[in-house]
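If you read the sequences in order, they're chains A and B. Taking our numbering, the leading residue of the first sequence gets 1, the next gets one more, and so forth. Taking our numbering, the leading residue of the second sequence gets 1, the next gets one more, and so forth.
Hint data in this document are derived by calculation from the structure and do not stem from the laboratory. For clarity, every value in this text was computed on a predicted model and none was experimentally measured. Think of the CB as a built atom: it goes at the ideal place given N, C-alpha and C, for glycine as much as any other residue. Among these hints, one or two may not hold up.
[Unchecked claim] A short, non-exhaustive set of chain A residues, derived as facing chain B with CB atoms under 10 angstroms:
| hint | residue |
| --- | --- |
| 1 | F4 |
| 2 | R45 |
| 3 | A49 |
| 4 | I51 |
| 5 | P69 |
| 6 | T88 |
| 7 | T91 |
| 8 | V118 |
| 9 | F122 |
| 10 | G138 |
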Amino acid sequence: MDTFEPKIVGFLCNWCSYAGADVAGNAKLNVPASFTPLRIMCSSRIDPALILTAYFRGADGILVAGCHPGDCHYEKGNYFARRRFAVTKNTLKALGLDSQRLRLSWISASEGKRFAEVVSEFTEHIKKLGPNPLKETGDL
Amino acid sequence: MAEIMKLKKSADAGIKDILKYLLEKKKVTGAFLLKKTGAGSVHYSLVTNNDEMERSVPFAPVMPENAARMLTIFMKQKPPGEPLAVVVRPCELRALVELSKLGQVDLSQLFVISVSCPGVYPIKTYLKAEKPDELDAAYKKSAANGEIQKDLRATCNACEHFLPIGADITVLLVGKDMDSACDIVMNTEKARDYLSGMELKKAEEDTESKAVVSLRKKRDAEREKLFSSLPLPDAGMDGLIQVLGKCIQCYGCRSVCPICYCTLCYFDSANNESPAPISENEAGKRGAVKVPSDTLFYHLGRITHIGISCVGCGACSDVCPAEIPLPALYYRSGKMIQDMFEYTPGKNRDEERPLSVFKEEELGEYEH
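I would like the entire structure built from these sequences, with the hints used as guidance.
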């Protein structure tokens, strides 16, 4: 298990979290290489189907990150995103899948340090969980 | 206590009289209800003629398709003016309310007649019955006594909202002899106004009758049983594959679902295609992939998309060729999602769907 390097898909909102990731890069902070960032215009763009696609294709962890509540570039997108995320997470839980592989975090455009911390923490968390069992089976 | 109008006829004949009256007086542009066809089957039909009304069977114990689905297609471009009278079951009405919130139908153009619902038979049971009369008699008997009828749809026997919410007229079927009584409750001013010219005998009665209360209790117990019949979530991923793995992805459940109204479904869109490079890559990692390889994804996607509005009508279970326990799966998951927001689909026309609104301070436990 020591050699397990998780694959984490991160959906980052264009205005805050993606900019936060940029700040982390400029400041040369350490961010685990297990993280694959995807830029989206707003966290409310995240249809549950996108999270599920990543999950069933075998992503070990999925991060959705957006602006802090109250700071959304579109005023209220992140509030909708939070409700949808909660529904997706609970659906996985109710059907016996591992909802701990999903995470929602708010990271602002200036929080490079927080970005690096969130990704490192989440990577550690996923390492403890082990690989996503769904990537082994062809019966999906 | 509610004011009840009593017609001394069968429930079928009574409601037909009312519909004929509404048509004659031009209060409505037509009546939308179940009607027998030449093939011996029963279908929703638009009836505008009193002779044809005779062949209608408004309370046939079957739901060939959820009426809400039909009505959204059907009500498009209806000009303003007199409404259409519709005879629907409570779950169909709740689906209509959900669809109106989604901008798919205008409820002000409907005059809604609904029932206190004993449930319906699965389509196959109804169509294949060797002795339809016996099936009918058994149905009426259990309805009159407020009993569970084990041959009915599983979701019907587990239904908690069998008294309609927001109908103009409610015809009482539970606890009544459908052959000799047509007891109707006028719920709205519109109903009283439309029927003011009809001679109806008034009486006072509690709509929460003994039979209704006892049926509700029995159905609550049935629902517990239905929900606990799934091995989920305890059996984990393998359990889920056990339950859903039989799916042949005919998308029948989606086609009959009243809430699935999108003209282009995500699962039919280019977003969900698995061209050779993707499939080969996936197979390479896993050794093999089932084709199509998105069965679990499809069902989970559907639950997250429509769960909040699922009324538990059971239309999906009637059409599933693989006999997947869809009622337990969708009804239970839907209810779980609805409970998160204390939302009952179709209950309140003025309440927004929870995924279209938010509170600024909430769901903190989901943020990290």
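Now for the hints, and whether the structure bears them out:
1. With a cut of 10 angstroms, the hint placing A:F4 at the interface with chain B is violated, because the nearest CB-to-CB distance is about 15 angstroms.
2. About 13 angstroms separates the beta-carbon of A:R45 from the nearest beta-carbon of chain B, more than 10 angstroms, and the hint is not met.
3. Interface hint at A:A49: satisfied, since its Cβ lies 5 angstroms from the closest Cβ of chain B, which is below the 10 angstroms cut-off.
4. Because the beta carbon of A:I51 sits about 9 angstroms from the nearest beta carbon in chain B, less than 10 angstroms, this interface hint is met.
5. Interface hint status for A:P69: upheld, as the beta-carbon distance to the closest one in chain B is roughly 6 angstroms, under 10 angstroms.
6. The restraint placing A:T88 at the interface with chain B holds, with a minimum CB-CB distance near 5 angstroms, inside the 10 angstroms limit.
7. Here the hint on A:T91 is kept, as its CB sits about 5 angstroms from the closest CB of chain B, short of 10 angstroms.
8. Taking 10 angstroms as the C-beta cut-off, the interface hint given for A:V118 holds, the closest approach to chain B being about 7 angstroms.
9. Because the beta carbon of A:F122 sits about 8 angstroms from the nearest beta carbon in chain B, less than 10 angstroms, this interface hint is met.
10. At about 4 angstroms, the closest approach between the beta carbon of A:G138 and any beta carbon in chain B falls short of 10 angstroms, and the interface hint on this residue holds.
Hints 1 and 2, counting from the list given before, are not met by this structure.
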